[in-house]
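Note that the protein sequences, when read in sequence, are chains S and G.
No gaps in the numbering here: position 48 of the first sequence is 48 in the working numbering, and each next residue is one more.
For the working numbering, count along the second sequence from 1 and bump the result up by 1000.
If you are wondering where the hints come from, they were derived from the structure by calculation, not from laboratory data.
For clarity, every value in this text was computed on a predicted model and none was experimentally measured.
Yeah, the Cβ is synthetic: ideal placement off N, Cα and C, and Gly gets one too.
Among these hints, one or two may not hold up.
[As the list claims (entries may be wrong)] Covered stretches of chain S (chain G as the covering partner; in silico rule of three or more C-beta atoms under 8 Å from a C-beta of chain G):
1) 43-55
2) 66-72
3) 82-96
4) 105-112
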Amino acid sequence: SAVISQKPSRDICQRGTSLTIQCQVDSQVTMMFWYRQQPGQSLTLIATANQGSEATYESGFVIDKFPISRPNLTFSTLTVSNMSPEDSSIYLCSVGGTPTGEQFFGPGTRLTVL
Amino acid sequence: SQQGEEDPQALSIQEGENATMNCSYKTSINNLQWYRQNSGRGLVHLILIRSNEREKHSGRLRVTLDTSKKSSSLLITASRAADTASYFCATDEGFQKLVFGTGTRLLVSP
């Protein structure tokens, strides 16, 4: 399986600021996704990161709040904009498009907003 | 997509016992995947079962899928303290977008 890294692994941010999370894969992948896991909850898909075009957002998530870039087949960023305490979550990237259909996750970024 | 349900929400057993977790979902799926998460860290992929499969094994793991009942189960045999984690099922309903279940917290005591 692909090796996926995320930076930062955790951060504590002030209300109203923005944080950009990076996801790096050690091989080219066709599909990349971003998920959010709120405290004590399960995971929810934010968007599909499309290489060379705008991300596809799920219901309840908008580009102004969660802009996503994917400049190539190994890298993507998620920005959490104008943060509030409700944005405190673990943010995870994942990669798919494997021949077997499996999807693998990065180690996650734990974000706390004060 | 509506989130799947898992039960039990929490399970506490002794080492050596078996642990069974159940997952129910609401729509047609391409496959169902099980993941483990330790202490709020990243997800570890455990096993994938396709919609045309009924049972799959991997080491101490056994997964079943009943598409007529829209349900799956994960059995961990001869559990160990290191199996203590949260377990999630996730369904691929198309385009590889995963819909996660609510999760089961498993505690295995020595």
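Evaluated hints:
Counting residues of the stretch 43-55 of chain S whose CB falls under 8 Å from any CB of chain G gives 4; the rule of at least 3 is met. With 0 residues having a Cβ less than 8 Å from any Cβ of chain G, the stretch 66-72 of chain S misses the three-residue criterion, and the hint is violated. Look at the stretch 82-96 of chain S against chain G: 4 of its residues bring a Cβ nearer than 8 Å to a Cβ of that chain, three or more, so the hint holds. Proximity of the stretch 105-112 of chain S to chain G, defined as three or more residues with a beta carbon under 8 Å from a beta carbon of that chain, is established by the 5 residues found.
Checked against the numbered hints above, the structure violates only hint 2.
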